[in-house]
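Enquirer: Read top to bottom, the protein sequences are chains D and P.
Under this note's numbering, the first residue of the first sequence is numbered 1, with each subsequent residue one higher.
Under this note's numbering, the first residue of the second sequence is numbered 1, with each subsequent residue one higher.
Keep in mind that the hints were calculated from the coordinates and are not lab data.
Incorrect hints may have been included.
Stated by the list, open to error - Below 30 Å or equal to it, Euclidean Cα-Cα: the simulated DSS-like pairs (lysine-lysine) are:
hint : chain 1 : residue 1 : chain 2 : residue 2
1    : D       : Lys127    : P       : Lys139
2    : P       : Lys287    : P       : Lys170
3    : D       : Lys127    : D       : Lys285
4    : D       : Lys79     : D       : Lys272
5    : D       : Lys285    : D       : Lys272
6    : P       : Lys139    : D       : Lys285
Unchecked claim - Ranges of calculated distance between the beta carbons of each label pair, as one might list FRET restraints:
hint : chain 1 : residue 1 : chain 2 : residue 2 : range
7    : P       : Gly378    : D       : Lys285    : 50 to 56 Å
8    : P       : Leu386    : D       : Lys285    : 53 to 59 Å
9    : P       : Leu20     : D       : Lys79     : 44 to 50 Å
10   : D       : Pro228    : P       : Leu172    : 54 to 60 Å
Ideal Cβ placement from N, Cα and C applies to all residues, glycine included.
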Amino acid sequence: MIFDLNGLRAAGVTMAMLIAGPVSAAECIAPADPGGGWDFTCREVGRLLTEEGLVEGNVQVTNMPGGVGAVAYANVAGKRADDGDLVVATSTVGITQIAQGKYPGGTDQMRWLGMLGADVGVIAVAKDSDIQTLDDLMARLKEDPTSVVTSGSSGAGGWDHIRLLLLAQEAGIDVIDQIRWVQFDGGSPAVTQMMGGQVGVVSTDLGEIRGFVESGDIRVLAVLADEPISAFPDLPTAKSQGYDVTGYNWRGFYTGGEVSDEDYAAWVDRLKTLYETEAWQETAKASGLEPVWRGGDEFTSYVTEQEQQMAEISRQIGVIQ
Amino acid sequence: MEILSSLWAGFAVAALPINLALIVAGCFAGTLIGALPGLGPVNGVAILIPLTFAFGLNATSSMILLSAVYYGCMYGGRISSILLNIPGDEPAIMTTLDGYPMARKGQAADALAISGIASFIGATLATLGLTLFAPLLAKAAIYFGPADYFALYVMAFATIGGISGTDPRKTLLAALLGLMLGTVGLDPATGVARYTFGSFNLYDGFDPIVALVGLFAISEILFFLEQKAQDRQLIPKGRVFPRMSRVKEGLGASLRGSVIGFIAGILPGAGASLGAVMAYSFEKRLKDKGTFGTGDPRGVAAPEAGNNAASGGALIPMLTLGVPGSGTTAVMLAMLISLNIQPGPLLFERSPDLVWGLVAALYLANFVLLILNLPLIGIFTRVLGLPAWGLMPLVVAISYLGVYAITHAAFDLMVMVGFGILGFVLRKLDFSLVPVVLGLLLGLDMENNLRRALSISGGDFTVLLQSPIALLLYGITAVFLALTLWLSRRDSKAFAAKGGR
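Just chain D, with the same shape it has in the complex:
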């Protein structure tokens, strides 16, 4: 009967969690369905905050999918702007959406806590592709922008797409709007479709497809980082090949715009302490993130600047008017 008791307990805890809600005061909203990057950020950081004793009890993770984060943004701005126990996961993808006017309001609506790490953009082809280098790829696109089909996990105008177009722009291709772009529901579906010969190039985050990099099924033409990254020091950067383009996808948090200075500072502190732990450094690397810290005012001005940059790029490539 012990087995049945176990089952009942599991079911009981499940129901209790459904009904009773938060087990501790701290809550993290993941503005996406379970399983994605933002969900991962909330769950991992939440778990480590508890394990490192930085919050009491478990951090409650709430999934609030919708509009690539817009639903959660609207919800926090409208209903929970002063909730000092709440943090919301976001990333460069969220800032791209804000810059393109797809959220209700700009970055000034929220208080920006900090970033804990960044995923790095990669441009990859299948291992049997006859495209050998980034120069090869750009030469082909320059000759005929429709000759290679490109793809990634964002829609047209999303961060994966923009990063690729930045490279094309840097290569002097002036008809970048003719390059074909296919959206898949994630980096690894895009890669498997590339291995099946459906598309020619994938532009996405390294963390999403590192399994394929390790197995040698794909050839990475460039990582969009300033320096070669520690987990894969052999992968060439775009910069080393003469293309001055970087494309990080940082992971961080914001909180409501009316949260008190005290609560705000406490969260920044907590996240900074977490960043410095061995446990985070390991977790970050394991999931393909480069640990990077920016917090408080520094992070806020970084976000503001990125919003402006992103709006500028989006206008240049014709995503917004």
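Add chain P to chain D, keeping to what the hints say.
Expert: Chain P only, in chain D's frame:
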């Protein structure tokens, strides 16, 4: 023989007391979660993840628990489909078509037993397929491109015309309505908002599970309220124990359904719902003598075997490619990554303990589920003995709770009620609700794949006909439709010859 020794090592892992306990606990919790309308495998698995951290389980044990829950949900989803005509989760929709009519005839116990055994057959065959062919199948699945997926969805929609008993024209209309509702929300290819009327709540469109609970559960309640007090009568409880003779009728259908479901599961863009749809419609085409839709055991066995086989199949692209074939496997994938395990081409080499322990645990979970479910049939059928004043409010409460637990949005409760009213009206007009949900559920994937195919070709529609796989699928669809027309003409001629109208 290498597989056998690996599998043997896997059983050694799965048979550890902690893992055995997790299998039983997971199966039980999964059955329960699956049976509650609104709560499906995605929530079940997502909810249990913090628990695995809290108990400090290692990656293998965590995966075993979550997979047991996943399999358990697939078993559990059918229970409310059969007893209440309310699917517990999306893949269980098809089970309402013949399961509920069986219950209405007092054969609830038979239907539960058939579906339990069909689930067992489907899941076991899929696990066998996973054991023997996983890396091979994964290699084949990557050659399935957007145009091929589109052809697959065309086939699914071409076959649903005949799945429900009502007028085929009404089925078609209902499917179109579902497809139309499926276009609400952000266009994934371009991010343009469609039919959202400026509301961020509509940006992600209608969640199929919310629509499902509204269409089935809430409309059922409305129907119930409409009846006069003296007419209020729940369906008969009937026998409490199933009859073996009825169970045997579903065996062939279970085997056929398993194969179809398994194939749908392996394809990352398809999944359990599509598996159940295809299994049902093929079985109906193959064996129907006018009894499908009125409580035919084969109409219960085929989709149940189909959706269970599909969930087993969906683990293949997840483990070997790191590509989730469904919402549930996406959550499991995220958990694996957070436990520092990289799913993908190297997983079988790097973490054989995890892979083979999991496979062995799946075999065990199937047996546990079968053993757990058959004795419970007596208890489940007693649900029908509950007085209506107790049962119906409970259904409403669970529906609200389930939907809110998924989305945490009061807005979605209104969406649910809206779909409830829509369901009520449609049923009054003698429309089947199943094609509406299928349109909503499969329509977006169908559209996405069409859009992808067209993005690849730069807008040239001939891309749809250039792949041999797609052509094969269109060929099967054409044969299928021709056969249907021929059969219906033959039937009506035979009918006329007998002196009919």
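Enquirer: Work down the list of hints and note, for each, if the structure agrees.
Expert: Here is what the structure says about each hint:
no., hint, in the structure
1, D:Lys127 to P:Lys139, "holds, 15 Å"
2, P:Lys287 to P:Lys170, "holds, 23 Å"
3, D:Lys127 to D:Lys285, "holds, 25 Å"
4, D:Lys79 to D:Lys272, "holds, 27 Å"
5, D:Lys285 to D:Lys272, "holds, 17 Å"
6, P:Lys139 to D:Lys285, "holds, 29 Å"
7, P:Gly378 to D:Lys285: 50 to 56 Å, "holds, 53 Å"
8, P:Leu386 to D:Lys285: 53 to 59 Å, "holds, 55 Å"
9, P:Leu20 to D:Lys79: 44 to 50 Å, "holds, 46 Å"
10, D:Pro228 to P:Leu172: 54 to 60 Å, "holds, 58 Å"
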